[in-house]
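Participant: Sequence:
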Amino acid sequence: MREFAVAAKMFQDGIANMFDWLKLCDLQLFRSEMSLRHAIDMTSKYNARFSAFGPFTAIVASSLLSVCALAVPYATDLKYADGTVSFRLNEPADDVMIVWDNGARTNDLGSLPKGLFTTNIADLTQPFKVVVSRSAPGGWTQTSNDNDNTVKFNSPRGLAVNTRPASPYFGRVYIANSAAGTAGGRSVGDGIYVLNSDQTDALGQGDSPLTAGLNFTTGGASSPYRVKLGEDDTVYITDWSDGAGNLYLADPNLSADSGQLVFPPLVTNVLTGTIGVNPVGSANNHGSIDSVVVVGSLAKGNLVVYTVDEDLQSDREDATKIMLDSVWRYEIGTGPLPYAGEPPAEPFFKNPAMGAYGGQFMDLDRGPDGKLYLANRRQAGNEPGVYVIDESGNLLWDSVTATRELKGPTAADILAGTVSAAVSPDGRYLATISYYDNHVTVVEMKDGIPDLTKYVVFAPFGTTAAGRYIAFDAAGNIHVISSGYALYRVFSPGGFTIATTGSDGTFAVATPPSVVTVVASSNTTSEGSATPGEFVFTRQGDLTGELTVKYVVEGTATNGADYQTLSGTVTFPAGAETVTVQVTAIDDDLAEAPETVTVRVESGQKYTAGTPGSAMVTILDNDQPAISIATKFPTAYERTAGDYVAFRLTRLGDTTVDVYVNIAYSGTAQAADFTGPDMVAIPAGATTQDFEVYTVDNNRLDGDRTLVATVATGTGYTVGSPDSATATILDDELPSETDKILFADNFDTDTSANWNILFGANNNVDDKDVLFAYDYYNLDLVPPAPNGSTLGLKLTVNKYDPTSYGAAGVNLYPKNLSLSGNYAVRFNMFIMVNTVAGTTEHALFGVNHSGAKTNWVRQTSGNVQNPAYDADGIWFAIVADASQVNGLGHVCYTGNGPSNPPMVLANRSPLDLAGVFKSPPFNAGDSGIGGSPACVPAATAPNWSDVEVRCVDDTITLLINRSVVLEVTNSTPYKVGTIMLGYNDQFDSIGNVGAVYFDNLRVVRLDSVTPKPPVITGIAVDAGQAVITFTAAGSEAGQLTVLGSTTVGGPYAAVSNVMIKPLGNDRFEAVIPVSGPMQFYRIAR
0 MREFAVAAKM FQDGIANMFD WLKLCDLQLF RSEMSLRHAI DMTSKYNARF SAFGPFTAIV
60 ASSLLSVCAL AVPYATDLKY ADGTVSFRLN EPADDVMIVW DNGARTNDLG SLPKGLFTTN
120 IADLTQPFKV VVSRSAPGGW TQTSNDNDNT VKFNSPRGLA VNTRPASPYF GRVYIANSAA
180 GTAGGRSVGD GIYVLNSDQT DALGQGDSPL TAGLNFTTGG ASSPYRVKLG EDDTVYITDW
240 SDGAGNLYLA DPNLSADSGQ LVFPPLVTNV LTGTIGVNPV GSANNHGSID SVVVVGSLAK
300 GNLVVYTVDE DLQSDREDAT KIMLDSVWRY EIGTGPLPYA GEPPAEPFFK NPAMGAYGGQ
360 FMDLDRGPDG KLYLANRRQA GNEPGVYVID ESGNLLWDSV TATRELKGPT AADILAGTVS
420 AAVSPDGRYL ATISYYDNHV TVVEMKDGIP DLTKYVVFAP FGTTAAGRYI AFDAAGNIHV
480 ISSGYALYRV FSPGGFTIAT TGSDGTFAVA TPPSVVTVVA SSNTTSEGSA TPGEFVFTRQ
540 GDLTGELTVK YVVEGTATNG ADYQTLSGTV TFPAGAETVT VQVTAIDDDL AEAPETVTVR
600 VESGQKYTAG TPGSAMVTIL DNDQPAISIA TKFPTAYERT AGDYVAFRLT RLGDTTVDVY
660 VNIAYSGTAQ AADFTGPDMV AIPAGATTQD FEVYTVDNNR LDGDRTLVAT VATGTGYTVG
720 SPDSATATIL DDELPSETDK ILFADNFDTD TSANWNILFG ANNNVDDKDV LFAYDYYNLD
780 LVPPAPNGST LGLKLTVNKY DPTSYGAAGV NLYPKNLSLS GNYAVRFNMF IMVNTVAGTT
840 EHALFGVNHS GAKTNWVRQT SGNVQNPAYD ADGIWFAIVA DASQVNGLGH VCYTGNGPSN
900 PPMVLANRSP LDLAGVFKSP PFNAGDSGIG GSPACVPAAT APNWSDVEVR CVDDTITLLI
960 NRSVVLEVTN STPYKVGTIM LGYNDQFDSI GNVGAVYFDN LRVVRLDSVT PKPPVITGIA
1020 VDAGQAVITF TAAGSEAGQL TVLGSTTVGG PYAAVSNVMI KPLGNDRFEA VIPVSGPMQF
1080 YRIAR
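Quick note on numbering that gives the first Met the number 0: the sequence shown kicks off at 0 and runs consecutively.
It cannot be assumed that every hint is accurate.
Unchecked claim - Simulated restraints, written as ranges between beta carbons of each label pair: (1) 968 - 864: 32 to 40 Å; (2) 400 - 655: 15 to 23 Å; (3) 463 - 851: 47 to 55 Å; (4) 1032 - 785: 44 to 52 Å; (5) 899 - 341: 39 to 47 Å; (6) 899 - 254: 32 to 40 Å; (7) 527 - 685: 17 to 25 Å; (8) 684 - 446: 35 to 43 Å; (9) 551 - 317: 55 to 63 Å; (10) 317 - 216: 28 to 36 Å.
FYI, nobody ran anything at the bench for these hints, they're computed from the structure.
Bear in mind that the values here come from a model prediction, so they are computed numbers and not experimental data.
We put the beta carbon where it would ideally sit given N, CA and C, even for glycine.
Sequences are here, hints too, so could you generate the full structure?
Facilitator: Have a look at this one:
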């Protein structure tokens, strides 16, 4: 038998042919006279080096995480008929070879693109194999194309890949889209889409969904939900909706009428009158099913189904909610279906963290050794992102405990926010995707237990919500879907592999025999030090020969300038397990920040990069520290107790000593207007130190004032650049409103007769509080409002009646009030945050309403009974708990017709405002961040907010505590009308104490102000920055931009990193960092 000659480009490291390469993989019995089939079948003998993907599958194992070794183009859809061979590649390949006659005959096709390939081989005999190889740089790389229509889905919820080599559907991908809609110009429906391994349409369905005769529309956006494949290729689909929750199955092609219910349809609980929610009632053997794992099959009579059930409990009439989102095991056997047997007496695994909280995104997967992996999205408290459960239902591991064993008792879970988790077919890796920012984490496992010391993270999309699902294919590529980005994507980890698919149902992936890792054994050095930094490279696997490894040098330090040159290669002598590379710093006389040297192992054909595949050494400076300053939080509101501006000191030079920095203050603010430190300590080891300057309310109208903090001279440091930074104290007093009041209500008396009250709830249950002249101080411990009594207006919804689907909104409109022209709506607002987790609610207020419609929003999908449609006007929703709410925290809405939900005109994440509504003085609850002007009950220093909705010409601006939160141009038809106060619970889950309190409402006429062009009144250049003062009548700071050019005639472009601060009386200051050639500036509105 002849050798299999493989394209020379595959073996740049001197590997002559595939036989030699496989010999490097420890297949030492593989000789020239042996067949490739024999070599692959020998994997059972070499089980110390291989682990099973499936009955006929093998992959080289290693003791270190080497996700690059999983990378792979591979062949699917192998067919041969009448002399024609065809197969499909999931991604491009460097070389493809067809092998038959037990390896005696081959046809080398060279490099091929992804997709279906056909060739003629008249004398080919069965079985045959398609051998695919590729060498690619390490690192997760997208192989799918976002421009393909087939990857666009508006509401993807589930994803499954057929990993069974013996299946005729091997490599096929199933995607569940839970609601009809449009994504990237593609209109998709409510159902399942089936793709080939190269993301082409597998069944010719186009944009039309397959349903197998099932009615997914009854489940709203929660059906179809998860999709899983059985051992016989049966497709299992979950329905997570409340009223129609179930598990369905269908044949692999989702043929018409092949769909069946695995469990009976839900029926009403006669004791509660509800359906599909906890308690489910004794007539039901299940509730809403989030995810599923299936073992065995009906045909074999051994079908076992594991479900994650949102509602089921041992006592199906008990509403105490202690077993929600637990795992249940049903032994269905041969059926029949729907399976009407009693549910297990106890859950297979009782969810210890989520048992009382429904509405959570969960997932379930099973490893090849039988362990179950339960994913839990919620991350508000100490809930683990992942649980590992043994075959008896015992908890073996959870990610919170494992994280804190590594990082300390309060560390955040490394796998927090996991919405889906997948185990690689060989059981070596666990991959998770986060709902909150879409990041993917791949963790090495040992004996089915994740090792959080060995993981990698990559971002398959952007960093906003919402990740939905993750899956491996048989070759180790990762498949992900995101509803936030409305896409399905596939990622290959790179590296060098040879994947062999057989027409006889065999599949194998061979990878290089050595795994190389790197650590920093000495991770710090300094200029002038005799002790260098040191990297240690370690190889595992074949140690017999010499091995040269390439590495990439990165970091903030410059190779050859800040340290002696590193070559980018290192060689292991024969027999050596480790080699070292030293980092020797080059001394200079510049004060610098600590600089880093990072090396990253590049995979090659004789080795793969393991984990850790990169390491870092820090070079410390030995020069005298130089201290500079910058503004961290640029504004503080004078009246808010505990509010502050913040500055950040940065140290260059020696970081081994404490430095005590003197601070001086100047600006238009007087000494009595603030309290701040005169000296700030930067401790040894720290390069930055923040400090706060707190406001003092002087109870007088004096406009906004600047506060300039300057690094003064001192001992043990030099003054760096910039040496000063500016912040602004926002005045809380307003000019007199005498003779300008158009409407007012201080809510000290019951003025309900002067207001129209409109209410809407999804479940049509009248669950609201509208309380005039409410004594919030004595009843709810809310402090007195500024310039008011302790009486005001309290609004809340969805607090008392537990009937399901309780999202609701309430609006209040003054009677006989119609406004036009320029005016401002001003009031005090206090938002109380629920203490029940997961109850996101919003304060509402708006303008230009008819007063005849209820303006509110519902975010929960499905079970729509009373849609939040037919809105009008322009209104704002301010989130209480600083949550993202599907990326929409603080939002401006408008009406969008009687058949559509409200339209978003503008939105802003609370994260953007964390420096405005700081925590403290505000306390937005379990989110742990600032960004919302809200407080939990009995907060240490609860604060009211001053709100103004300013309507000037066609611009509507929302200011809270004098900071612009949102601003929109009113291009809607709603130009005149009345004002609105309200409250909205956008989700169905019931809250407890959440509410909004309004006080001292006024509508004030504004004089028409035509914005005037900015006029520059002064320019100063000092310490690396230009300070331009100017006037801009009728403008807000957020409307102004600094333009720059190197020539006076332009062209001019926006300048980055500019801080524009209001000085009061239409005066502004722009602070611009300057360096390089001469610049000319303009101020634009």
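Participant: Quick check: does the Cβ-Cβ distance between residue 463 and residue 851 fall within 47 to 55 Å?
Facilitator: Since the Cβ atoms of residue 463 and residue 851 sit about 36 Å apart, the hinted range of 47 to 55 Å is violated.
Participant: Can the suggested window of 35 to 43 Å be confirmed for the beta-carbon pair residue 684 and residue 446?
Facilitator: holds, 39 Å
Participant: Given a hint of 32 to 40 Å, does the C-beta separation of residue 899 and residue 254 actually sit inside it?
Facilitator: holds, 36 Å
Participant: State, for the Cβ atoms of residue 968 and residue 864, whether the hinted interval 32 to 40 Å holds or is violated.
Facilitator: Holds - the Cβ-Cβ distance for residue 968 and residue 864, about 35 Å, lies within 32 to 40 Å.
Participant: Does the Cβ-Cβ separation between residue 551 and residue 317 fall within 55 to 63 Å?
Facilitator: holds, 59 Å
Participant: Could one say that the CB atoms of residue 899 and residue 341 fall in the range 39 to 47 Å?
Facilitator: The hinted range 39 to 47 Å holds for residue 899 and residue 341, with Cβ atoms some 45 Å apart.
Participant: Hint says 17 to 25 Å; check whether the CB-CB distance for residue 527 and residue 685 agrees.
Facilitator: holds, 21 Å
Participant: Would you say the C-beta atoms of residue 1032 and residue 785 sit inside 44 to 52 Å of each other?
Facilitator: Violated, at about 28 Å.
Participant: How does the Cβ-Cβ distance of residue 400 and residue 655 compare with 15 to 23 Å: does it lie in that range?
Facilitator: violated, 36 Å
Participant: Is 28 to 36 Å right for how far apart the beta carbons of residue 317 and residue 216 are?
Facilitator: holds, 32 Å
Violated hints, listed in ascending order, are 2, 3 and 4; each of the other numbered hints is respected by the structure.
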